[in-house]
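Turn these sequences into a full structure, and let the hints steer you where they fit.
Protein chains in written order, with my numbering: chain A, 70 to 379; chain B, 3 to 298; chain C, 595 to 1044.
None of these hints come from the bench; they were simulated from the model. Note that the coordinates shown come from a computational prediction; the quantities given were computed from them, not determined experimentally. Some hints could be false.
[What the hints assert, rightly or not] No more than 30 angstroms apart at the CA atoms, straight line, and that leaves these computed lysine-lysine pairs for DSS-like: (1) C:653 <-> C:1019; (2) C:890 <-> C:758; (3) C:905 <-> C:893; (4) C:963 <-> C:653; (5) A:134 <-> C:831; (6) A:239 <-> C:791; (7) C:768 <-> C:791; (8) A:134 <-> C:1036; (9) A:134 <-> C:653; (10) C:1019 <-> A:156; (11) C:653 <-> C:893; (12) A:239 <-> C:854; (13) A:156 <-> C:963; (14) C:653 <-> C:924; (15) C:1019 <-> C:791; (16) C:1036 <-> C:740; (17) C:758 <-> C:1019; (18) C:905 <-> C:890; (19) C:768 <-> C:856; (20) A:134 <-> C:924; (21) C:856 <-> A:239; (22) C:980 <-> C:905; (23) C:768 <-> C:854; (24) C:758 <-> C:905; (25) C:740 <-> A:134; (26) C:856 <-> C:905; (27) C:782 <-> C:854; (28) C:653 <-> C:890; (29) C:1036 <-> C:831; (30) A:239 <-> C:1019; (31) C:893 <-> C:963; (32) C:758 <-> C:893.
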Amino acid sequence: MPAQSMAAPRGRVSVWPARRRRHTLLFCYLALAPVLALFAYIRAFPIAWSVILSFHRWDLIGASKPFVGFANYVRLAGDGNFWLAVKNTTIYSLATVIASTLLALPLAVFLSGKTRLAALYQTIYFLPVITPMVPMAIAWKWIYDYNYGILNYALSLARLPSVAWLTDEKVALWALIIMSVWKVLGYNLILFLVGIRNIPDVYLEAASLDGATPWQRFRRVTFPLLRPIVLYVLVTATINSYNVFTQVYVMTLGSQAAPGHAVRVLVFDIYQNAFQYFHMGYASAEAVILTLIVLGFTLVQFGLVRGEEA
Amino acid sequence: MPPGRTPLIRRPPLARRPARAATGARALHALAHAVLALGAVFMILPMLWMLSTSFKPPPEIPLWPPHLLPQAPTLANYTGIFEAAPFGRFFLNSAGLSLAATVSVVVTSLLAGAVFGKYRFPGRSALFMLIISTAIVPFESYMIPLYIQLIPIGWINTYQGIALPFLIMSFGIFLVRQHVASAIPSELLEAARVDGATEWWILARVIAPLSGTALAAVGIFGFIQMWGAFLWPLLVANTQLLFNMEVGLTAFQFRFSSDYGKLMAGSVISVIPMLIIFLILRRRIIESVALTGLKG
Amino acid sequence: MRTVRKGGPRIERRTFLKLAAGAGVAAAGGVGLAPARPAAGATTLAVWTGFPELVPFYKAVADAYGKTHAGVTVTVFSSSLREIEQKLSTAVPTGTGPDIYDIGTNISIKFIEGGLLDPNPPDVERTLTSGAWHASVVDFFGIGGKHYGLPLMEGSHASMFYNKAMFREAGIAKPPSTFPELTAAARKLVRFDASGKMTRSGISMRLSGQGSGIGEKFRFVLEPAGGSLVVRTPSGKWHNGYDNDAGRAALQFYVDAVQKDKIDDPKVPHDADAFAAGNTAMLFREAWVIGEIQQKNPKLEYGVAPIPRWKAGGPYKMLVQPWGIYVNGKSGNKRAAWEFLTFLTNRENAVRLTTMTGWVSERQDVDWKPLLKDIPQFAVFVSPPKDVVFYVEPIFSVFDEVESKLADRLVPAYVDPSLNNAPDKVAQRIREMAAETDEILKGAGLYGMT
Chain A
70 MPAQSMAAPR GRVSVWPARR RRHTLLFCYL ALAPVLALFA YIRAFPIAWS
120 VILSFHRWDL IGASKPFVGF ANYVRLAGDG NFWLAVKNTT IYSLATVIAS
170 TLLALPLAVF LSGKTRLAAL YQTIYFLPVI TPMVPMAIAW KWIYDYNYGI
220 LNYALSLARL PSVAWLTDEK VALWALIIMS VWKVLGYNLI LFLVGIRNIP
270 DVYLEAASLD GATPWQRFRR VTFPLLRPIV LYVLVTATIN SYNVFTQVYV
320 MTLGSQAAPG HAVRVLVFDI YQNAFQYFHM GYASAEAVIL TLIVLGFTLV
370 QFGLVRGEEA
Chain B
3 MPPGRTPLIR RPPLARRPAR AATGARALHA LAHAVLALGA VFMILPMLWM
53 LSTSFKPPPE IPLWPPHLLP QAPTLANYTG IFEAAPFGRF FLNSAGLSLA
103 ATVSVVVTSL LAGAVFGKYR FPGRSALFML IISTAIVPFE SYMIPLYIQL
153 IPIGWINTYQ GIALPFLIMS FGIFLVRQHV ASAIPSELLE AARVDGATEW
203 WILARVIAPL SGTALAAVGI FGFIQMWGAF LWPLLVANTQ LLFNMEVGLT
253 AFQFRFSSDY GKLMAGSVIS VIPMLIIFLI LRRRIIESVA LTGLKG
Chain C
595 MRTVRKGGPR IERRTFLKLA AGAGVAAAGG VGLAPARPAA GATTLAVWTG
645 FPELVPFYKA VADAYGKTHA GVTVTVFSSS LREIEQKLST AVPTGTGPDI
695 YDIGTNISIK FIEGGLLDPN PPDVERTLTS GAWHASVVDF FGIGGKHYGL
745 PLMEGSHASM FYNKAMFREA GIAKPPSTFP ELTAAARKLV RFDASGKMTR
795 SGISMRLSGQ GSGIGEKFRF VLEPAGGSLV VRTPSGKWHN GYDNDAGRAA
845 LQFYVDAVQK DKIDDPKVPH DADAFAAGNT AMLFREAWVI GEIQQKNPKL
895 EYGVAPIPRW KAGGPYKMLV QPWGIYVNGK SGNKRAAWEF LTFLTNRENA
945 VRLTTMTGWV SERQDVDWKP LLKDIPQFAV FVSPPKDVVF YVEPIFSVFD
995 EVESKLADRL VPAYVDPSLN NAPDKVAQRI REMAAETDEI LKGAGLYGMT
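Below is the structure:
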């Protein structure tokens, strides 16, 4: 067979004979085919349809879907609920991402020094990450209860007045943020922990032999080497937090629930426009805008990473 | 960095430090301990509280001051939940759907991740970007078109219809691709090719085994994603026999009922299986998840 | 040198696993674990409802029906109302819906306009117009000269629940019959603890959360005050009906209740649970609360009176919201479904409905005396006072949106300190809300002043 009888040049595929190249190419497309087929069916087509829908009007039930051009987008620009959602989602995202990153970093540094209880701590901190969101949101609703929740009980022990975590419009979004930070902290912690572990000891040893304090060691050695991971965490956390929905959905159910406007986030607004008011085209337009916003954030953060690596 | 497991247990700390730094280090140690412990309490308290409330009879729930331990623990909430709805069936559905989704996500991520990571072909970057960028679009916004697509193939009110959107994960493809591109030396592949291996063989015998941890992470995320699904299954299932646990929970949050005992019991039942899996596979899970950050 | 290749069983194994899993899932969906197919010749009717508490009722009726109609099986699917509305709206137009469903007019009007509901067949028409239901109820189900669906139950007739023991303790002899009396009574009934936190509200109003329910409860005050959310013009268009004294007075009532008179507070437990548990002295709600009380606190001493009038001599107002049950226009079992529905809404099952669920049938030929002997609190619901003025749920597609968006604005307004003792600010707020209502109507092409 040609592939074997030839001398074996180490190097690029392009040096190989055409038959080998064809085999490789065929392999690529065949291996990708089932994945691409699935992807096309469950992502590409519905998303494309949804984008097309954003230029039409449709109430889901009727058959008429008139083309309305950019009318939905124009209406969005003047929609108070939409801008409120943008504002709320941005606050939520910034707060959640910053808090969960800033808290995870020192915790990771602390945890990197412990030997005995390390495994236990890792487990406990990671537990919230793998719990499903719906039951935990329900549990947190109970924790936030104004009259019987343990959070207000803890406050009362410290002689502080009770807070209407969910029903007070000024606090509701922060209640959501706290719960979300609780949920993702462990994931960031593990990532940072591994990053710290992978810093070769020689750097830190050298630093402390030079007389550096722990804080200086962190600032000069640890943190710079962690930058790629920190940026990775920031990007993924931003994307995820902009798409928050489940917690909001659960926390706004019922009569002691959070007021709709206080926790109005973008995906919830989209959901309401589509599934409660049956403005399908309008909701699709809103989803397009959301995607563009997140895309923008992502590109900015990627740009930062590239800048760092340069 | 060699592929494989990264030890998370640290080697013993250095000897020989200046005396002044030693007391400073001890204070820092104490502070670290305190902060970690406090944080751990914050992490685990909600779950403990959920558990505790689920065993409380109705009169004990609106108690002030609240007690962590129920004074008259009861199983009534659990029996009540199982009477109100076939949660056993919901659990089986969740398990079956999640397992199927996991297998599918792992296989598709391996196939696509390997190809994108180690091979060049026309359209590679464009396709990869397309797959990744669609991960940003919120699922809620294209649920309806997807539902309508299911109708002509008769998949409404079927298990496969419920599982469908969870069978691939862009993030999984991304993860495997990063791992394959950076952690698997091309020399290994070349060597195999020289020996006359087909690309399929390389995929199965070289790439796949070396991607163990990445695939494990992908599988875990795929499992969690399917387990936590609640909007889509509600839309697709026309009978409660197909419900998974999350849908069961939301559907039985009766509009006016804030019966937290039963709600917490339902939550516990939804969370326990994930917890058990996690505790069994703890080491594996944490380590493979940790690697996601390294390659990111 | 040629090496012997040990094939690639791994990849095949994985692919096989995936195929097997997929096949298994498909098989399970199609055969063993899927809902069983009915025997040949038998009919299965699928019923969807947004009221899980109705499920036992449907099942009981199905059992009774099965005795005389052996070939008919009935399956019932329920979830919360919001979710069923979404499911129906997605499933019915695409042909994947149930045979029978009960739903509110905000959805059914869309189905009618979209051709997804057929007018009633002649025999059902005869049943509907047989005198079992009052003419106004029958009219409610009429569009363009035809009738669609049958009345299953009255969705509202919301009235005032009051705690007799608390009234006695506070020295109040009778439940209030005007709103000023209500405020006065509530002030005597409200309780605070040592730190000033409200532990019992004088009256439990809907102050928090989101959704059209808040808007609906606002109407319980707005209507007696003389306003309405939307007003129909002679040409069939709509515009807001509360940018007036009545609207301002209603909002003022809420603001005063929360901020000035302090008879309710968003932080206190609310709604039926709270009333059953004794956290509030009064509550405006529907008949199903009776069922809740029976379950949660059967010893509660309570009465039900009509929602007070705005002032002495004014009319009592009561919301009429007939809740219909329909046969899906795309069902393959229409005949069987209609027959079942005719049975479901007969007189005997009307009593069964109320005793099992607390919801009250709309029929006017039911003998309620046995029920009233057991549970006298049903009196106001089954036979409202003669001088009551009914107001109806407007039937057009975006009404839910009107109520929901109003709710989004009402909730912050109730607790907004700048509205306390500031009638002109209240007026301005009402104007903004009414403008939004009109905008929604304009967007749907339903706005008109004549």
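Now the hints, each set against the structure:
1. C:653 <-> C:1019: violated, 53 angstroms
2. C:890 <-> C:758: holds, 17 angstroms
3. C:905 <-> C:893: violated, 33 angstroms
4. C:963 <-> C:653: holds, 25 angstroms
5. A:134 <-> C:831: holds, 23 angstroms
6. A:239 <-> C:791: With Cα atoms ~19 angstroms apart, residue 239 of chain A and residue 791 of chain C stay inside 30 angstroms; holds.
7. C:768 <-> C:791: Since the Cα atoms of residue 768 of chain C and residue 791 of chain C sit roughly 28 angstroms apart, the hinted pair holds (cutoff 30 angstroms).
8. A:134 <-> C:1036: Distance ~19 angstroms between residue 134 of chain A and residue 1036 of chain C Cα, so the pair holds.
9. A:134 <-> C:653: Violated, at about 39 angstroms.
10. C:1019 <-> A:156: This hinted pair holds, its Cα atoms lying about 25 angstroms apart.
11. C:653 <-> C:893: Holds - the C-alpha atoms of residue 893 of chain C and residue 653 of chain C are around 29 angstroms apart, at most 30 angstroms.
12. A:239 <-> C:854: holds, 21 angstroms
13. A:156 <-> C:963: Violated, because 57 angstroms separates the two Cα atoms, which is more than 30 angstroms.
14. C:653 <-> C:924: holds, 23 angstroms
15. C:1019 <-> C:791: holds, 28 angstroms
16. C:1036 <-> C:740: Between residue 1036 of chain C and residue 740 of chain C the Cα gap is close to 27 angstroms, so the pair holds against 30 angstroms.
17. C:758 <-> C:1019: violated, 38 angstroms
18. C:905 <-> C:890: violated, 35 angstroms
19. C:768 <-> C:856: holds, 22 angstroms
20. A:134 <-> C:924: Since the Cα atoms of residue 134 of chain A and residue 924 of chain C sit roughly 21 angstroms apart, the hinted pair holds (cutoff 30 angstroms).
21. C:856 <-> A:239: holds, 20 angstroms
22. C:980 <-> C:905: holds, 18 angstroms
23. C:768 <-> C:854: Holds. Residue 768 of chain C to residue 854 of chain C sits at ~24 angstroms (cutoff 30 angstroms).
24. C:758 <-> C:905: holds, 23 angstroms
25. C:740 <-> A:134: Given that 30 angstroms is the threshold and the Cα spacing comes to 27 angstroms, the pair holds.
26. C:856 <-> C:905: OK: residue 856 of chain C and residue 905 of chain C at ~21 angstroms, within 30 angstroms.
27. C:782 <-> C:854: holds, 14 angstroms
28. C:653 <-> C:890: holds, 23 angstroms
29. C:1036 <-> C:831: holds, 10 angstroms
30. A:239 <-> C:1019: OK: residue 239 of chain A and residue 1019 of chain C at ~21 angstroms, within 30 angstroms.
31. C:893 <-> C:963: holds, 22 angstroms
32. C:758 <-> C:893: With a Cα-Cα distance of about 12 angstroms, the restraint between residue 758 of chain C and residue 893 of chain C holds, given a limit of 30 angstroms.
Violated hints, in rising order: 1, 3, 9, 13, 17, 18; the structure is consistent with all others.
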